[in-house]
Amino acid sequence: MVLGGIPYYLNHVKAGLSAAQNIQAIVFDKSAPLMGEFDSLYASLFEDHQRHLQVVRFLKHRQAGFTFKEISEKTTLTAGGGLTRTLDELEQAGFILRTPSFTGHNRGTAYKLIDPFTLFHLTWLEGNRRPLDAERWITLHSTPAWHAWSGYAFEMTCFQHLRQIKMSLGISGIQSESTSWRHDSIGPDDQGAQVDLLIDRRDRVVNLCEIKFTNDPFTVSAKYAKELRNKEAVFKNKTGTKKAIFITLISAQGLEQNSHSVGLVSNTVTADALFS
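Heads up: the sequence shown begins at 1 in my numbering, then just goes up one per residue.
Watch out, some of these pointers could steer you wrong.
Below, a list of computed lysine-lysine pairs in the DSS-like style, where the Cα atoms sit at most 30 angstroms apart [as the list claims (entries may be wrong)]: (1) LYS69 x LYS238; (2) LYS30 x LYS14; (3) LYS112 x LYS166.
FYI, nobody ran anything at the bench for these hints, they're computed from the structure. Fair warning: this is a prediction, and the values are worked out from it, not measured in the lab.
Let the sequences and hints guide you as you build the complete structure.
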């Protein structure tokens, strides 16, 4: 969720140190080996890499991603100004993912950032020019900002391991498409909703996946159970789908079964399954 599984980066990890201590030493310390890696990485991969940086900086602001039109409107890049090529190059390099619209319309296709190292740099390093404290990362660990970043980074990790998620669900042999979905409220009587991951299957089933990063098994509360039911209802209403909906939990530490989850959560995938 920090180094993106890159072998060169992982070579700097030292046995005997905690994850927080290793991240502090590898990224934050004054002599950290990856201190300047972000700019060097993009410069080495892409000609005129500032275009690519402009895109990933924008994509960072929404986990569900942005459409081509939205990216064009909010950056200096246009279809005729290199945006298509920039997006293609970022996708080929594994920094972003193109996710199709659930309805199949090209105008709903979104581009989302899925590179953990890029997200880590943009969240914790970019724009921070003050001297680094010796224990900066360890101090930041478990703050609200850390929890927000870790949830986003775990979602990225899930999108990088869609094949393993499908294997864990026992649907790897079923043709499917994976995407995110969102509906923005357009009035006081219109309820918005966002789905972290949809797996739209040819066997007329949709896995509506919630992605949760917690240190303990996730517990479904009465309030959250209501939110899930509302999310399912909004999704059915706005898409008009007649497919069966399986609410699926992808949780780092699994699910703590209780009266609220039984009969609501159909499937659970743990973090271990992502790397099996």
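Structure-based check of all given hints:
{"no.": "1", "hint": "LYS69 x LYS238", "in the structure": "21 angstroms, holds"}
{"no.": "2", "hint": "LYS30 x LYS14", "in the structure": "17 angstroms, holds"}
{"no.": "3", "hint": "LYS112 x LYS166", "in the structure": "20 angstroms, holds"}
Taken one by one, the earlier hints all hold for this structure without exception.
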